Amino acid sequence: MINFEEELKKFQPSLEIEEAEDAIYNQDLTDMTTILGELLKEDKEEE
Amino acid sequence: MKCYKCGNTLTEKDFCTSCGADVKIYKKIIRISNTLYNQGLEKANVRDLSGAVICLKQSLKFYKYNIKARNLLGLLYYEMGEMVSALREWVISKNFKSKKNVADDYIREIQDHPNRLEAINQTIKKYNQALLFCRQGSEDLAIIQLKKVLSLNPKFIKAYQLLGLLYLKAGDRETAKKTLQKAVEIDVNNTTTLRYIKETADGSSQDEGKEKDKKGTSITYQSGNETIIQPITNGKISYGFSSIINIIIGVVIGLAISIFLIVPARTQAIKREGNKSLIEVSDQLAEKNAEITDLNSRIETLNQEKAGLTEEIEKYESDEGILQEYNYLLNAVSLYMQNKSDVIPIYEELSKISQDFVNDNASESFLSMYQLINDDIRTKIENAYVNEAYSAYKAQDYDTAVTYYSKAFTINPENAEALYQVGNAYRKAGETAKANETYQKVIELFPGTKRANDAASHISE
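So the sequence lines, in the order shown, correspond to chains A and B. The opening position of the first sequence corresponds to residue 1158 in the numbering used here, with each subsequent residue numbered one higher. The opening position of the second sequence corresponds to residue 14 in the numbering used here, with each subsequent residue numbered one higher.
No lab work stands behind these hints, which were simulated from the structure alone. Please read all numbers here as calculations on a predicted model, not as lab measurements. Some clues are possibly wrong.
[Stated by the list, open to error] No farther apart than 30 angstroms at their CA atoms in a straight line, the calculated lysine-lysine pairs in the DSSO-like style are these:
1) K1166(A) <-> K74(B)
2) K70(B) <-> K26(B)
3) K110(B) <-> K1198(A)
4) K160(B) <-> K110(B)
5) K211(B) <-> K1167(A)
6) K41(B) <-> K1201(A)
7) K1201(A) <-> K211(B)
[Unchecked claim] Here are a few chain A residues that sit away from chain B, every Cβ distance over 10 angstroms (derived from the structure):
8) D1188
9) E1202
10) E1203
11) E1204
C-beta atoms are modelled at their ideal positions from N, C-alpha and C, and glycine is treated no differently.
Here chain A stands alone, though its shape is the one from the complex:
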């Protein structure tokens, strides 16, 4: 049985055009390669 209130919480406002710029700038672009690079960098610093 669906709980309406709980289901409603899952719906988020859709992005409007005015918010596009912020959405692009605030996009989290961290990926595995970034993390890998940081790990390797940290590893090198420890050495």
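With the hints as your guide, set chain B onto chain A.
Showing chain B alone in chain A's frame:
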């Protein structure tokens, strides 16, 4: 594939040939990203859009520079009606790879149609508004708003889902199912959509699970944790009988509509047609009447003309008519041509011609002919009458003698001898009174002459 450290193109080796960096794990990460992209592409090909989105998002989490994955993700957002999310992905893609990037075409396509972009943006605003209505408890307003959204942006998956959810809450499972089916046509394997559809099916099965109690006076079914017992208000009425009643009511209503609405309207239409025809016929009749009146007046005029002409013809043809005058002249001419010395019949014919006609109406040709003959016989006619009278007198035909002597005197009133001989003829005929009267006239008209004395002596006898 390029080295994450120096940017040099990598080979099949597990290290960078330029900087010597270990790229074994790096290559595995990119391989996973590509695999996820392929999976996303496969899902997208079968319209499992939400599944494809998940795969592509994961692909980008492994390797953010996977341009193909990012462009495809943007395309999927676009297909699902989320234009801004699509733009976001394409702009980032363009930022990562500025040349030979298909995202460039997508962005340009949107920029070339600003009206469409604005329209879709309005639908997004309305969707957000509808979501706000839902959270404020105004589901009815939200439903109205979402219907508008979907009429303008019929690929907006989230709007279908929210509308379906609202219908579900309102208990309208059938409409919810129809709405969600439309979402499934766009995104076949969206878990949220499928879950809601399943909910509509569960609701239906619950409805089917209604059971009548043993006596058949109520229906019992389970709704969640509650057991609902619904009484049957009139279980004895069969659907067949009620259908017949409904059909009869329908027929009665239909007949009533026919009688009170259609028939009067039709009657009015027929009357209008009839009146129109009547007016046309009346106009034609009036026109014909006018023609008849005109023709009658013409007939009357023609009759009058005919009467006038007939009268004129009669005048010509009558004894005193012009034709008759011409006839007399022609007769005289004919006689003159046969024997112009026999002047008496010629003169007799000319005498019949009216002097009024000769003076007033005769044509020039008539007059010339008349005068020609008349002049020729004028000098001869007196003697001719006298000769004829004398012959008759000798033959003791005194009546004829009287006639001819009288005519000779008429032609020449100075002819005392002719008048005197008229008296003698009367006397010989034994008509003494007329003889004396004629003698008396001789005495009066020619006094002192020999014939006056002779007349006086005859009177005294």
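Okay, the hints, checked on the actual structure:
For a cut-off of 30 angstroms, the pair hint linking K1166(A) to K74(B) stands: about 25 angstroms separates their Cα positions. Proximity of K70(B) to K26(B) is assessed by CA-CA distance (about 28 angstroms); at most 30 angstroms being required, the pair is judged to hold. The straight-line distance between the Cα atoms of K110(B) and K1198(A) is roughly 26 angstroms, inside the 30 angstroms bound, and the hint therefore holds. Restraint check for K160(B) and K110(B): the C-alpha separation of about 39 angstroms exceeds 30 angstroms, so the hint is violated.
For the proposed pair K211(B) and K1167(A), the alpha carbon gap of about 18 angstroms is at most 30 angstroms, so the pair holds. For the hint linking K41(B) to K1201(A), the alpha-carbon distance of about 21 angstroms falls within 30 angstroms, and the restraint holds. Between the alpha carbons of K1201(A) and K211(B) the distance comes to roughly 54 angstroms, so the proposed pair goes past 30 angstroms and is violated. The Cβ of D1188(A) does not lie farther than 10 angstroms from every Cβ of chain B; its closest approach is about 4 angstroms, which violates its non-interface assignment.
In this structure E1202(A) is separated from chain B by more than 10 angstroms, as the shortest Cβ-Cβ distance comes to about 15 angstroms. With a minimum CB-CB distance of about 16 angstroms to chain B, E1203(A) clears the 10 angstroms threshold, and the non-interface call stands. For E1204(A), the requirement that its beta carbon stay farther than 10 angstroms from each beta carbon of chain B is met, with the minimum near 14 angstroms.
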